[in-house]
Every structure is written in structure tokens, then in C-alpha cells.
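Please construct the entire structure, taking both the sequences and the accompanying hints into account.
If you're matching positions, the sequence shown starts at 1 in the UniProt record's numbering and goes up one per residue.
Note that these hints are calculated values from the structure, not bench results.
There could be a bad hint or two in this list.
As a list, the in silico DSS-like pairs of lysine-lysine whose alpha-carbon atoms are at most 27 Å apart [said to hold, decoys possible]:
#, residue 1, residue 2
1, Lys328, Lys342
2, Lys342, Lys452
3, Lys286, Lys328
4, Lys568, Lys579
5, Lys568, Lys581
6, Lys286, Lys235
7, Lys342, Lys286
8, Lys342, Lys235
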Amino acid sequence: MKEHIKNIIKRTKTTEKVAQQSGTGMQGHQMGADTPPGLSHSLPTSASYSVTPRTCAPSVTSPDSPYQDFNQPPQIYNPTDYYGQPHIVSPPYDDPYYHQYPQTPYEVDIKTTRQMYVDDVPTRKDSSTSTFSTFHPPPGVNPFASEEDWLNEGIFENTDVFSGEQEPEADFFSHAPPPPLPFSQSVHIEVEDFDRPLLDHFVDNVLRLTLPILEVNRPGSARSSVVLPALSNNKCYLHCCLSMAALHLKSTQRRQDETIDGDIMRHRVECVQALSAALNDVNADKQQVLDATLGLIFFPTSVGSADNELPDIPWHAHFEAASSLVRKMQLQHAMEDSHGGKAVPHFNMSLTSWIDILGATMMGRAPLFADTYREKNEARTSAGLGDLMGCDDRVMYMISEIACLDALIENDAISGLQVCELVGSLGLHLDATETRVPVEHALSSTGAINPKQLSHNITAVFRLAARIYLCGLVPNADRRQESMTTLVDRMAVVLENIPSGSDGFDRSLVWPFLIGGAMSAPGSRLREVLEERMAVLGEHSDFGSFGRMVRLLREVWQQSDEAELADKGQSVHWRDVMKQKGWDYLLI
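If you want it as C-alpha cells, here you go:
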């Protein structure tokens, strides 16, 4: 044993002497004397780049190691073979040559225990476990995509099908959304402890229902740039959202108790009272007032059952206040700079336009900003509706024009001949919005959503609904007419290319479903498609605008089918049914 130790010491001194004589001829650090010769073909390690003498690699002139043949496959490091490779560690990440070889990191679980004492008596004991890992990816190399990247690249896939088209028209937000954070860390919101569950429920369960198309086009933008900032600094908006959270809880959990009704009404009343005071205050922040007012109009389209009997202010009363604020703030033509340097419409104005155009069809009147949409259409400027709700601006502008014609008919301000002439003219304008892009399924073969294809398909559905709406204005229009059945059947075909179910986009198609469904005859393919999509949506088909649309549509079908059987002539108009039932719905 002593002789063995002496030999090792002797060899070490000889190696050091050779290293000193080698000088600049060395290409690396010398190998330790106790390195077994058989390891000369093993994988170079982080020690080869270290200043530690023991694990230095030999130079090409070292007499203690043969020439390294890089054509031979290197031996794989075995972490369990400790005695065979006493000081070889995993390869460094900074040398790309070794990225192909496996390495085995280790993890350590650390358990922390805390105990509380009161008067030296243990009362509570908490423990938590955390994991420490030695694995760190190399710079610029991430073996696993982050959740956000996976969502953007996997679900929201963007293919080349639309390479000739422009990018989305509008970016309402001046900066890209930040990485997602836990809600409690992303923004500070002052709220009473007993209201905290409502706030969390709104952010976790209600918010995701509100703008599905915008979420596909710009994930997280509405949440980070609009909703959360408003929750943190706008008490009116906060009360509005808490009321919506309570309403969502009541409907989804089928609760019929005074507590949940009290939460709904308490926050609803506080919001309305604060808004009333702000509207009469010349120094009030108009932006905050508009945010809250639009929230009272828009959020109920995503929550609540169709038979909610709690007292509330009609949506169109809120909208008159909102439109007044829009005019005072002069948002109709206001444009903002996006992070791409492109001028885009104000988010609230885009939301206002969406409500105004489709809401006008509910009321049988012209949109309040119809002149603005006409000017934008002539100037070919965007209202931001494509990104917000999926339908191209030009088609929405045409729906506004059709609503104006509808209002003239409702007021008996136009003759039947003039109606036919204007219907033909508007039909030609709708033709001009057609594109050559084919309607294909919005899901790729991998199950990823193509945002541009989705918007194209949604636009196609809205365009068909606009044609059905327009043709329905012709005197003596009937659902059994060949032109009408053709349009209705075409809508059924296009709908097959839009994802359905709770993770689909049926709740973004409430207005087309209403317009097309109301003109569908018994046994039509569209009725079958609507019934199938309602079934796939499950209990979610009972809530928000979708649930109200289903309720109205079933009543329209019943009355129209009965009238047809009795040979009473024309189909029943859905707006007449709403008036009969006293339903004041905003179906968008």
C-alpha cells in the first residue's frame, strides 16, 4: 500500500515537471495524475475548463495520455459508476459539442415546518415542501416551451394560408401584454374581505367568457390592459364586476337564496348610484364613467340566466348615457398609437360600435353612430371590430346600413318599391365585401386555432346573416322562399368550420344564430346544426346572450311553425315575439 502511494506521488511530480516544460505548447490543462488511462476516450467535462489542477485535461503532448480520437463515440457518463469515474462531472452547457449527450441533474425536496405557540402551548403546525433542482437550461436553450408559448404556438397557430392578407387591423393596447402572473401579484385591488371571493370568481371564471375572439387574436390583452387596471382604480367598475360575479354564481350554481341576490343588488345599486353622481359631476373622470357604463351593458351578455327576475335598468338606457359620453369625449374619430406605430381606434369606441350596430337591430332603429360608420366605410378606416368580435369592419358597416333601412320600414317612412331598390343596392355592397379566401376549418390538423381563418369564417357567417336580415326586409318575405332557404343552408355549412362547445366560439355568434335561425324552416339543416351546437355547449347554453337567444328562438320556432300549419301566411318576426314576452334582450 505504501509503495502504491509513493508511485502516485512520483507520477504526480513527473506530470507537473512535464507540464512546466511544455509551456505554450499546451492546448489545455493537464490531466490529474490519478486519472485512469482508460478514461482518455471519455467525455470531456466541465473540469476540462477549470483551473483546478486535479481534473485538467491533458495536452496533445502529454506522455500520460494517448491521442484523442474524436471519430470514436465518446463514452456516456454514468453517474452511478462513481469508482470507475471518480471525478468526472456532467459536461458544461457552454460547449455546443456536448449538447447532444445526456446529463442527469438532481433534485432536493426541502420540507419546512412552522409551529405556533400560545402561552408555550402548541396550537398550530404548518408545513410546506419546496424542490431545489440543479438543472438549468443553457443560455438561449429552453427544452420545454413555457405555458404562454405553448398556448400561442399550439392553440393559436398562425399558418401561411393568409400570407397575402394584412395583419389584424387594430391593436387597442400600446404595449404587448406582460407574462401572466398570479392574480394576487398582478395588480392590487382594494376590496372588502367578504367581497374577495366575488372578485376572484370574476377574474377566474367570468372574464374569460367575455371576449373570446380578442383573446385568440391578442392573448391576455384585455385582461392586462383594460380590465385589471380599471378594477384597481375605478370603484364604479369594480362594483359592476362584483355584481356580475354574483350573477354568474347564482346562475351556474342554481342558487336561490337571499345572500346571493343581496350581493347582486348591493353592488348593482352602488354602481348605478356612483355613476349617476359622476354623470352630474363636471369634474368626474369621463373615461372611468364610460368604462363602468359599458361594463353594465356588455358583461350581462356573458352571464346570467334568461329568466333572471331581479330588477335592473335596460341596456339601452345605459347605452344612451354611454353614447353621450362618447360624444363628449369625441371618441368617434379618435385614434391611438399602437406599439406597432399604427393608428388604431380607442377600445371603448370599438366596443361601443359593436353594441350600437347590433343593438340597433334589437330595437328596430338606426344605430346612434350610423353616420360615423358610413364615413369610416367610405374612407376605408377601421373600427377595430375584426379583432374585437371577429367580424370584418366592412360587413359590420353594412349591417349598420341595413339597420337604417329597417328603421325606415318600422316607421313607415319608405314605400315597398323603394325598399326593394335599396335592398338590391345594399346586396351589391355586401357582394363587395366577399373575399377569395376559402372557408376552411379554423382548427388545423394538430388541433391548433388559426386566428385569421377563424375571423374569416366568423365574417362569412355574419355576412350570410346580414343577407338574410336584408332579404327579410322585402315585403312578403317568407322563410320558405328559395332564396331564403339557400342562404340559411349556406350558413349551416359555414358553421361546420367554426369550433363549438364550451371552448368554442358559439357565444360569439349569437346574432347570426338569431337572424338565421328565425328564418329556418322545420327540418332545415341549420336547425339541426343549432340543436347540435346547443347540446355540445351543455349547460353553458343556458346563460348570457346565448341562453336568451335560445329562449327567443324556440319561441319563434313554435309560433312560426304553428302559424304555418294554420296557413296564416308570413313567419313570425323575432322582434315581435320579444315585444309580446316583454323581453328586453341585447343579443350580441
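How the hints compare with the structure:
Restraint check for Lys328 and Lys342: the C-alpha separation of about 25 Å stays at or below 27 Å, so the hint holds. Note on Lys342 and Lys452: the hinted pairing holds, with a Cα-Cα distance of about 19 Å set against a maximum of 27 Å. In summary, the hint linking Lys286 to Lys328 is supported, as the alpha carbons are separated by about 9 Å, within the 27 Å threshold. Between Lys568 and Lys579, the direct Cα distance comes to roughly 20 Å. Compliance with the 27 Å bound is thereby established for this hinted pair.
With a C-alpha separation of about 21 Å, the suggested pair Lys568 and Lys581 falls inside the 27 Å cut-off, and the hint holds. At roughly 13 Å between alpha-carbon atoms, Lys286 and Lys235 fall within 27 Å of each other, so this suggested pair holds. Pair hint Lys342 plus Lys286 holds up; C-alpha atoms about 25 Å apart against a cutoff of 27 Å. With a CA separation close to 32 Å, the supplied pair Lys342 and Lys235 exceeds the 27 Å bound.
Hint compliance for this structure: hint 8 alone is broken.
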